[in-house]
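Q: Protein chains in written order, with my numbering: chain S, 1 to 103; chain W, 104 to 805; chain R, 806 to 1202; chain G, 1203 to 1367.
To be clear, the hints were calculated from the coordinates, so they are not data collected in a lab. Bear in mind the structure is a predicted one, so any value in this text is a computation, not a measurement. Keep in mind that a hint or two might mislead.
[Unchecked claim] One side of the interface only, derived from the structure: several residues of chain G facing chain R at Cβ under 8 Å: (1) L1232; (2) F1255; (3) L1259; (4) V1262; (5) I1267; (6) M1270; (7) C1310; (8) E1325; (9) K1327; (10) I1353; (11) V1357.
[Unchecked claim] These stretches of chain S come out as covered by chain G in the derived footprint (C-beta under 8 Å, 3 or more residues): (12) 13-21; (13) 34-41; (14) 46-60; (15) 65-79; (16) 84-90.
All residues carry an ideal CB built from backbone N, CA and C; glycine is no exception.
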Amino acid sequence: MNPLTGYVFLSALLFAVGLAGALTRRNAMLVLIGIELMLNAANLNFIAFWRYGPHPEALTGVMFVIFSIGVAAAEAAVGLSIILAVYRHSKTTNLDEMDSLKG
Amino acid sequence: MNWIVRNLWLIPMLPMVAAGIIAVTKRKGRMLAASLAIGSMSLSFLLSVWAFAHVVLLRNQGQIDLQVWNFRWFQFGNEWVSLGWILNPLTAVMVVMVTFVGLLIFIYSIGYMAHDENFTRFFGFLALFAAAMLGLIVANSLLLLFMCWEIVGLTSYLLIGFWYSNPRAAAASKKAFLTTRIGDLPFFLGIVWLYSKSGTLLFYNGGTGCLEPMSLEHLVAQRTTIGMCVATGIALLIFCGAVGKSGQFPLHVWLPDAMEGPTPVSALIHAATMVAAGVFLVARVYPLMSAHALVHGAVSTSAALQVVTWVGSITALFGALIAVAQYDIKRILAYSTISQLGYMMMGLGVGGVSVGMFHLITHAFFKSLLFLGAGSVIHGCSGEQDIRRMGGLGKLMPFTFATYAVGMLALCGFPLFFSGFWSKDEILHAAHVWDLSQIPFYMGAFAALLTAFYMARQMYYVFAGSTRLEVGEAHGDGANATAGMEHEHGPVPHESPAVMTVPLMTLAGCTLLLGFLGTPAWPWFQSFLEDTRLRVDFGAFAREGMFPVMISSSLIVFLGLGLGWWFYGREPVDAADAPDHLGRRVPAIFAVLGHAFYMDALYDKTFVRANIAFSRISTWLDRWVWNGAVQIVRYGTLAFAHMDSFIDNHVVNGAFDEGCEGVSRSGQILAKLQTGRVQSYLKVIGVALIVFTALLLWRANA
Amino acid sequence: MNGSVRMAGTADQIFVLVKQWLMGYVPGALQPLASAVLSVVPVLLVFPLLFAITTVLERKGLGRIQNRYGPNRAGFFGILQPMADGIKSLTKEDIIPRSADHLVHLLAPLLLVVASFLVYAVLPIGRNMVIANLNAGVLFFFAIGSMVELAVFMAGWSSRSKYSLLGAMRAIAQMISYEMPLVLSAVVVIMAAGSLSTVTIVTMQATYTGIWPHWYVFTPWGLMGFVLFMIAATAESNRSPFDLPEGESEIIAGYYIEYSGFKFALFFLGEYLGMFATSAMAITLFLGGWAAPFSFLTWIPSYIWFFVKLLALIMAFIWVRGTLPRLRMDQLMNFAWKFMLPMSLVNILCAGVWHFMAAGFVRWVVVAVLVAGTCYLLSQRLKRGKRVAVRTYRFAS
Amino acid sequence: MTVTFLILAGVTIVGMAAAMSLRNLVHCVLSLTLGLVGLAGLFLELDAQFVGFTQILVYVGAVAILAMFAVMMTRGAAQQQESRPTSVRISGVLIAGGVFLVLAWAMCHGLMTLGAPVQPEAEVKQIGVALMRSYVLPLEVIGLLLTAALIGAGVIAMEEKRGAR
């Protein structure tokens, strides 16, 4: 089997795991972690395609992942602080209970 | 092109930069402000000396000594507005004088303003003034000159009103500003006219400048509707500016009031430099002033110069007459300044640039000396300005007395050793040989007599006799400056500190020496300005009425001094409230003179009243005529708006409401899908992903 | 590699030669594994030994500073004290709190020690003596170093004790705050060397002008970077005066209060290994790594130089610990965010200025003035509103 | 398909699956960390050294710690109510499975026609040069984004003053 296939399958699996977590868990934090997982699965894809792609010298995949990691870090920081703020307000991190926009 | 010519702008720019830095300095940065101002001024002085030396060198080599450096400032339409600076003997002499006198006055100010809490601001204004004045001098463009002219006016306003909490100072500054503006308006019209006729405002620009023959011929050739040639019209308009700034006869009223400012300001701005700017302006545009004569050759004096002469001589006599009956030490000097400025104008009119300028230079030195001496007296008397309350200061303030005496003798024109003698004599001689009329000469001679008389009166009042200073009655400008020193020094008059007396002595020295640069026997100054050959010729004294004029003017001076002694020295003034000796004899005339011919009252009754009446009419028009029109428009608009709102309410809104209803109903249906749970949304996205990817792949495979 | 081996002396390369000789007996298939083992095992042996030596050194040194003897019973001058300590901690009962999270409680010390050992992979101990010459070696060092925080958190959280949790929170807050100046102060060297590889960085410093070496510490920005790095390293390894997380008088021992026996010893080991690692990194980045301080001293083997420098820095750590009082939490944070961080950023700027100016005296003066001026201004800001006086010791003399 | 790949893939999958299924939030975060380290290992296996180490630095050193702090501050570890209706869980897992199947299908049909891999050169220096040359604008943007996120996160998470609202 082509080594790329393994990586891509792994990436799809990771994506599915992240999605499953994001869909089933009630805790907002875990949903956020699930989203991070999906992002990382995409990163793995980028790196794999860069490594086995026809133009590795262009560094596109690596660049994409670097920026993606930066965005993910920002996302995690803002997301977690939003969860904190919501928790402080409604004393819960349960997504089912956060269904109102009213403060 | 020589370095100094290219970088002549540095001379005004250094004080300008200093002013900028001082403007942002905190009030506490007194030493910083003073050292910046004085440092920049010293550098400017050095540069000026360099420029002067450069010009002298060129003159001695016989090369052309008019150098300009022009550049384009901005473009409008197809026209470029150019600015530039000029270095010629006139500029060189003036920059050296202004920077030198300015530097001394700056130094003097440290001592004089030492106790003022706005010390920093004062030096900022002074530096700004110096920058503008120097810019005015080096400008090679009437536009640049006018800009600096206005900045000078602004700083004058700021400095007269420096103690703005004093209502008299505030009023005086306003008066000065408005009065000079009256002169500046025709000046500006003259500039515009000149630009429209000649197409350039540069003075000299290699043959195309507005003061160069080509342009002058063009100006003289044209005639206005009333038959006057254009050059004369422009020259007269420009002269109006000079009248305002130099305090000539109809517009002189602001200058005595300007004495409300601090004394160094009076010395620097209202005696030595700014008021001389008008004279300088006339000297600068002298080719334009004398254009008619220049081109037609036949008539020796142009119409513009005749006006200058008459205005100058009237002012000279007028100022001297008023000065006789004043009691305020600074006002006497102010009227004396007006009178001397009149002399300068007269000199320009009858004798040309060098005659007027020579008196300007010498006057700058001895008048700033007198003002600084007066400041020292005021300082020593803890703010007293009334000469009736002084007396006997000669022994208490020896340095001030000695230097003041030098200045006073120079102003009177005491023969041989004092610069005023030589410069005034030059003017009188020129007036004597004027071919149109002898009246200016007699007016000037009478003014000289009066000058000697009132200066003698002032000397006897201030320095002779016994002290009549009253404790605790200090008022006037010094009251502010010296508010904090009363308890320090006590009421006894005292000599001023060295920082004030040293500039006095320097100026006194200059006053003594400067006259020898322009004696008829060795007229270096005249030859320098007018590019004639210089040689030592004692025979010049014998030339065409020179000697008689010298003798007669000396006699006039002695007569004036003698009269002064007869009235005031013979029996010393001993009481502060005793009536004036002269006033006792001719009370009516004395009162008229004391009120300055009631000029202020006249202006108040005529111009100010008229202005108020006009503004009342304007208000009435505004309220009833214009406002009525506005009201009609308003009602029309309202009616239209009502119609519009009717359409809006019933046509547009109806359709919109229907639309909104529809959107709202469909929204209610869609809202059922909106559970508020993120995960259900995510699920939908997931399903959509599956479906669309599946569809895509299906299509691709099929 | 052979060329450079021949270039340096046999004494210098003795360990490399021995390894090559041993590799000759290994079959080809096992070569990579054997090479790794032969590189790793010595490190695993040498640094714990150094740890043992350092404990006794530290206790003796502190004793000297504090006017007492320190350990002097076990062995000659107490030299066997670490052995006694080790035996004691091995035989002690391993107590685990009943409510603790057992797995995490067990994993925390292991993760700490593993992470601490991992970073040695990129530290060049001598010429040609590095386990892995990675392209991104410095990055590797900091990445693995950040794992320590996780271990600390695991230890603090799994113990279910408020002291350990508090200690862990303090430790993490402190480590995160000081990690940024730590990394940023290393950036100047990376800029100068143009490489993230530790080997390249050392090689670039191992040249000489006359007898003087080209260590980065001998430039204004290098000196400032070194000082910042060492301060941040002290904070990272939770040592005095930054020992709030384990301040004995406040929260007893911080995050490892609930550990006993050998796990406690592992924590101890991990901390000391971390300290050695950061010191070794400081040496690599700023002090020329294994390079000799003067060109005429190059005949002394490179690894000896490395360990001499390491010991010198350890002595400095001990000295600082013995002399400085502990900071308060607010002082700690203020110092990190208001001094260390801006200073390291300015230092990077200065390194840039250095890079783009022509070599010479002017460059020296400009950069030195920049660095010193910023340092002065920032310290003035930090001191603002505080009374600072010279400490007086009334009873010490 | 090397042994290293299989081990790392196993570690990653196990870690991530555990992160998504464990009950204790702290355990979730810890296993997430394990999964991310495994992913970093995969990056290294793919010769992307810089990205791998950055992954460890950012995720283990920052994101995991941040998540830990968030867990501690929301007492997420204390409350253990994971009592969702089974139907919700099943539907979620089904959708995720569907996505995986679709992706796998796409891979089987799409992209397996690439040529022989070239050993890429991804020196750190090259990455740096690329970041400073062709990718300088994205770099600046990401810097701005991170600054904004830093400030924004601080503002959002800051304790609201009582009575300020």
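Q: Can you give the numbers of the hints that this structure goes against, from lowest to highest?
A: Going through the list in order, the structure violates hints 7, 10 and 11 and respects the others.
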